[in-house]
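Q: Spelled out, the chains give:
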Amino acid sequence: MFDDLRDLYQEVILDHGRKPRNFRRLEDADRHAKGDNPMCGDRLELWVKLGADGAIADAGFQGRGCAISMASASLMTETVRGKTQAEARELSEKFRGLAMTGTCPDCGAALADEMERLQVLGGVSEYPSRVKCATLPWHTLNNALDNRTEDASSE
Amino acid sequence: MDGAVLAPAFDVERIRRDFPILSQTVRGKPLVFLDSGASAQKPRAVIDTMVRTMETAYANVHRGAYHLSELATAGHEAARAAVARFLNAADEREIVFTSSSTAAINLVAHSYGRGVLKAGDAVLISEMEHHANLVPWQMLRDAHGVELRIAAVTDTGELDLADVEAKLADGKVRLVAITHMSNVLGTVIPAGPLATLAHAHGAKLLLDGSQAAVHRRVDVQALGCDFYVFTGHKLYGPTGIGVLWGRMELLERMPPFMGGGDMISEVSLERFLPAPVPAKFEAGTPPIIEAIGLHAAIDYVEAIGMPAIEAHERALVDHAMAKLSAIEGVTLLGHAQDRGGVFAFTLDVAHAHDLATLLDRTGIAVRSGRHCAEPLHARFNVESTCRASFGLYTTKEEVDYLAEALVKAREFFS
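Chains A and G, in that order, are what the protein sequence lines are. Quick note: the first sequence uses my numbering, first residue 1, plus one each step. Quick note: the second sequence uses my numbering, first residue 156, plus one each step.
Check each hint, because a few of them may be wrong.
[What the hints assert, rightly or not] To be clear about the criterion: a stretch of chain A counts as covered by chain G if any three or more of its residues have a C-beta under 8 Å from a C-beta of chain G, and this derived list gives those stretches:
1. 62-69
2. 133-143
[Unchecked claim] DEER-style ranges, computed between Cβ atoms:
3. G:Thr486 - A:Asn147: 37 to 45 Å
4. A:Ala52 - G:His286: 33 to 41 Å
5. A:Arg24 - G:Arg169: 27 to 35 Å
6. G:Thr180 - A:Thr101: 20 to 28 Å
7. A:Gly82 - G:Glu552: 31 to 39 Å
8. A:Pro38 - G:Ser423: 40 to 48 Å
9. G:Lys184 - A:Pro105: 50 to 58 Å
In short, the hints are calculated from the structure, not lab data. We put the CB at the ideal spot given by N, CA and C, even for glycine.
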């Protein structure tokens, strides 16, 4: 009945959705932001720990939401660890392009490996109402890095 | 069936043929439209009437002394008369056209709320209100110093009448504004006893009939309420048209809400005199084609018969209740005794959005989220739900198909 949905709900996504990685509050976080899509009820809180060099030493999140948003947050926290803030912003930009179009024209360039890992979420582009679920964690990351205090939203 | 009158034959297949959109496929599957509670589909009769109006009988109303304007005005006012009959209003001037239920409630909150209620008075709503019957009262509270009280909903999803009574006891509540049928729980509230209770404590009663008016016969005089609102697009009519019914003596006491053309009887640069009810509340060019479309929708459901529609839907609700509650992992929100064809549910292994996406792949359209009732979801401690809602064209087979898809969805996510 749902065979063609395996493009969207790949095993990786279902796995990360069920058992999100880095699902924890960082008590000593340097950056913090909340994301909220009130219309649909996806909600998360993100903590980022910066290293002495300003790069992202650790990232953790907690929240409630659909499998897409939880998997996206989980994959994001894994992907940005060890990246500079500039790289994290670049990933965020590229990821939003991927979620909206399903393709990643720049992926052969910098951060290619990271984008390849995130490619599993590209299927969401076929579901316009679900793109915002995948991008909410990244909007939240941008807010955290910018030290913005208002809730991020992708609705 | 001693003394029972058999409902007229209700041929759902014939009815479905009246709705052009229902014959389409979605992603290669027949459309199973279970989101009529958000907005219902339109029968050919409504579509044709609106097109014909624009092609042959359209001009602005209440203005021109020429043939087309007279035709349009007659059509617009015939719609008012049809709505008055539909609600059994005592006087067709008690029918005020608005753009939606939301606009109708805002009209009352603004006009009755600021023009008649005083600071220190209270308004009572319930935990199961749509945001349209919550936020306007919060705005009134913040702007006008009117207290807002909230009546509880029981764990089974019924309006807690004991709590209503307790909140009315000090006599400060001047207006009770409650949904006639919950857009999430399907609960139909006991309107008669509620009206008696409100009146006994000196309060007026507004019923939000956005859901209820679609599913059963509404007789505002028999219900005993003071205001009733509903919207065209859930009643198989167009968007952009809503109705406020109010008792004449209340409407006459209320100041105008919006100012503009058509709502005055006299105007100079210094002052204006408002027009009589209902024009007083209908500033600007009204939704003319939409009112005529609503008239066609009312004619359509009345030709089938509201009792027949209610009987069909009651059988569907009983069937859905049995079918859905038997599925492992499915939890229904609310088990009210008296309910309409609205079912909000959760599936243990999937978030509402994931589930809605899966169902969409099978051709099933359900709504997911909080259905403009965020406090009610908080009350039942759920983040979001999927909601299947029925129309007069919904079939038993569609309910079975939904049940089958839910079982398969659970397998998919487990």
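Q: Any hints from earlier that this structure breaks? Give me their numbers in increasing order, please.
A: Violated: hints 2, 4, 5, 7 and 9.
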